[in-house]
Amino acid sequence: PIGGKVFGIKRTKGDLNDKTVYLIPSYFELNLKRNLNYWRDKKVLPYSSKEMVSFLFPGAARPFQISLEPSETGREIQLSRKNEQTLYYPADLEVLERFVEDLSNLKAKEILAKGILEEMGGVKQIFQIEIVENIGRKHVELKLYEKAGKPERLFAMYSERGDRIYEVNSSI
2 PIGGKVFGIK RTKGDLNDKT VYLIPSYFEL NLKRNLNYWR DKKVLPYSSK
52 EMVSFLFPGA ARPFQISLEP SETGREIQLS RKNEQTLYYP ADLEVLERFV
102 EDLSNLKAKE ILAKGILEEM GGVKQIFQIE IVENIGRKHV ELKLYEKAGK
152 PERLFAMYSE RGDRIYEVNS SI
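Position one of the sequence shown corresponds to residue 2 (the working numbering), numbered consecutively onward.
Any given hint could be a false lead.
[Stated by the list, open to error] Keeping only pairs whose Cα atoms sit at most 30 Å apart, straight-line, the calculated DSBU-like set for lysine-lysine is:
1) K14 <-> K83
2) K115 <-> K34
3) K144 <-> K115
4) K83 <-> K44
5) K83 <-> K34
6) K151 <-> K44
Please keep in mind that the hints were generated in silico from the structure rather than gathered at the bench.
Taking the hints into account, I'd like the entire structure generated from these sequences.
Here you go:
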């Protein structure tokens, strides 16, 4: 760097060619100084609503499950609670798309060590979603955990990425 400008020369087969000097955009230098966290994929959940089969809400006062079942009239929501009659409703696909988009936009702020949630204490599971992939029909899960307090913290665990725990943005 010279006076806020970055210059470079070319090396070919080990030999420096200092006859030609290149002016390099300053943002390039900034990118070279970034740490690994900047470059990694921060997206926690890589799915869309078309790949989703059901939501399970175990953290509710009365746990329930919403399943998306194909029907003759489109998609239906199947609402079922343990030991109760199953109810069926037409699905509002726009609402479901927005919901899954919000989940898909969960970005990891930090990757935490295994077992950290137990050590913290006061962390409770607030959400669980089960997804069946269209290809291979593989079941995967995303679990969200919350730690109350100031500031409130939100954590995610995605079964396809082992037992990694992510601290995520809490704006869903």
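Against the structure, the hints come out as follows:
Restraint check for K14 and K83: the C-alpha separation of about 70 Å exceeds 30 Å, so the hint is violated. For the proposed pair K115 and K34, the alpha carbon gap of about 29 Å is at most 30 Å, so the pair holds. Restraint check for K144 and K115: satisfied, since their Cα atoms lie roughly 14 Å apart, inside the 30 Å limit. With a C-alpha separation of about 33 Å, the suggested pair K83 and K44 falls outside the 30 Å cut-off, and the hint is violated.
Using a Cα cut-off of 30 Å, the hinted pair K83 and K34 is violated, with the two alpha carbons roughly 54 Å apart. Restraint check: the Cα-Cα separation between K151 and K44 comes to about 25 Å, which is no more than 30 Å; the hinted pair holds.
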